[in-house]
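Respectively, the protein sequence lines represent chains B and R.
Per my numbering, the first sequence starts with residue 1, numbered consecutively.
Per my numbering, the second sequence starts with residue 279, numbered consecutively.
Among the hints, erroneous ones may be present.
[What the hints assert, rightly or not] Partial selection, computed: residues in chain B whose CB lies under 8 Å from chain R:
hint	residue
1	G28
2	F31
3	L107
4	V223
[Unchecked claim] If you want the footprint, here are the derived chain R segments under chain B, 3+ residues with CB under 8 Å:
hint	segment
5	288-297
6	307-320
7	325-335
[What the hints assert, rightly or not] Pairs of lysine-lysine residues, derived as DSS-like cross-links and limited to a Cα-Cα distance of at most 25 Å, are as follows:
hint	chain 1	residue 1	chain 2	residue 2
8	B	K100	R	K370
9	B	K100	R	K318
10	B	K68	R	K318
11	R	K314	B	K69
12	R	K354	B	K69
13	B	K100	R	K314
14	R	K368	R	K389
15	R	K354	R	K370
16	B	K173	B	K100
17	B	K69	R	K318
18	R	K321	B	K68
19	B	K154	B	K100
20	R	K314	B	K68
Keep in mind that the hints were calculated from the coordinates and are not lab data.
We treat Cβ as the ideally placed atom computed from N, Cα and C, and that holds for glycine.
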Amino acid sequence: MSADVRILAAEPGCHLFSGCGFEAPTIGMFFPEPWITGIPGTTGIDLYLVLLLIALGAVLLLWSWFSKKLSLVPGRRQGIGEMLVLFIRDQITRPTMGAKGDGFIPLMTAIFTFILLMNFTGLIPGLLPVNSDLSFPAMLAGFIFILTLIIGMKKQGGWGYIRNQIFPPGMPKPIYVLVTPIEILSVFVIRPVTHALRLFATMFAGSLLLAVFAYGGWYMLNVTAEPALAALSVVYSGAALLGYIAFFVFEILIMAVQAFIFTLLASLYINQSLEAAH
Amino acid sequence: MLLELAADYNILRIDPVKAAFGAIALAVVYFFVARKAVPKVMKVLDERHDAIEGGIERAKRAEAEAEEIRQQYRDKLEESHREYAQELEKAKEQRAAIIAEAREEAQVEAKRIIDAAKAQIEADRQQAFVQLRGEIGTLSTELASRIVGETLGDGAAQTRVVDRFLEELESSESTKQAEVR
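Model the full assembly from the supplied sequences, consistent with the hints where possible.
Laid out in structure tokens, this is it:
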């Protein structure tokens, strides 16, 4: 069954005015056929690992390009790299952590560019953003979560960190009955889960939306129909194309914003581990 | 249809193998980007910041130096003005002193001249007086002898005698003067 749908979605041979209905893209598009199966604990090696490699290669290329032959008087290429670093410093680490967070600039820059390019694989027609598979955002959020635990316990002591998180200082004692369960849930469950889900969901929905416009536009284009109907189909299809372009541009923005938000939140969480009281 | 598909595909599934590959990729990105590339870029940024900061520092130092030199110049100018005024004052004082001294000297000299003149006059007067006294004596004696020599009969004769005497005296005076000349 699922294989049939995938084929229908992948080969939309059906067009408007040819008597068959529109097969909307389904969430099946996020489950590409695995090439290698039988590995325990996984559905197999599929397109996502290729996308991951593309993103990884792009990050490495970009940064080797940014960081080669650096000089005190920068050229355009070096200027972009520096702008990116300064952007991370001035928009992410400084507002959340202040000057003491300057040590996290490299990590935050790496995470930001990595997520950005993982999202940008979805801009290649026919491909998907790496982060539209929850495995990757969950891995990233999990990394940040573990990092905050390690930093917090190093800076505030094992119990000290947990106490500061679940018993926020400066409250009357009875309030803790209410606050502590909320804080436990918030800090150790909701925070990392939403951190991952936010990135995943936006990439997932954005890709689906783009796919609907692409598939719809292709479905509505039927030049083999009667001339009048063919012209009408071109108009419909053109409207879909315009929608696709508009949402494509919008999607670029969303991909960048989501990468930014993920990094900003990571920086915020790390700051809460650095500071005892907040 | 969608519900059926949703049952087929679990979109919230976390595939551990994919996550592991993702973690490896993240590690590679971390070592390459966060450890190497970004610190390199940041180092250049810091160096440039230092260079600019250094330039500003140098400019500030040069400015301070110029200001110092200007201050020195101004001080010197002021000092020379002051010295000039002092010199002027001194010169004025000297001039006044010289004038006063000269005046004093002149007064002393004048007094000396006056004194000398007075002494001269006194001496002349003395001499004239002595001479006059001698002459008056002689003349009186002569006149008396004449008066006595004549007959003292009438007043007219006496008057004549006196007149004659005086005439003689006058003529002898003029001859005496002629002799002197």
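We went through each hint and held it up to the structure:
{"no.": "1", "hint": "G28", "result": "6 Å, holds"}
{"no.": "2", "hint": "F31", "result": "5 Å, holds"}
{"no.": "3", "hint": "L107", "result": "5 Å, holds"}
{"no.": "4", "hint": "V223", "result": "29 Å, violated"}
{"no.": "5", "hint": "288-297", "result": "holds (count 9)"}
{"no.": "6", "hint": "307-320", "result": "holds (count 13)"}
{"no.": "7", "hint": "325-335", "result": "holds (count 3)"}
{"no.": "8", "hint": "K100(B) with K370(R)", "result": "74 Å, violated"}
{"no.": "9", "hint": "K100(B) with K318(R)", "result": "19 Å, holds"}
{"no.": "10", "hint": "K68(B) with K318(R)", "result": "9 Å, holds"}
{"no.": "11", "hint": "K314(R) with K69(B)", "result": "13 Å, holds"}
{"no.": "12", "hint": "K354(R) with K69(B)", "result": "54 Å, violated"}
{"no.": "13", "hint": "K100(B) with K314(R)", "result": "20 Å, holds"}
{"no.": "14", "hint": "K368(R) with K389(R)", "result": "31 Å, violated"}
{"no.": "15", "hint": "K354(R) with K370(R)", "result": "24 Å, holds"}
{"no.": "16", "hint": "K173(B) with K100(B)", "result": "32 Å, violated"}
{"no.": "17", "hint": "K69(B) with K318(R)", "result": "10 Å, holds"}
{"no.": "18", "hint": "K321(R) with K68(B)", "result": "13 Å, holds"}
{"no.": "19", "hint": "K154(B) with K100(B)", "result": "16 Å, holds"}
{"no.": "20", "hint": "K314(R) with K68(B)", "result": "11 Å, holds"}
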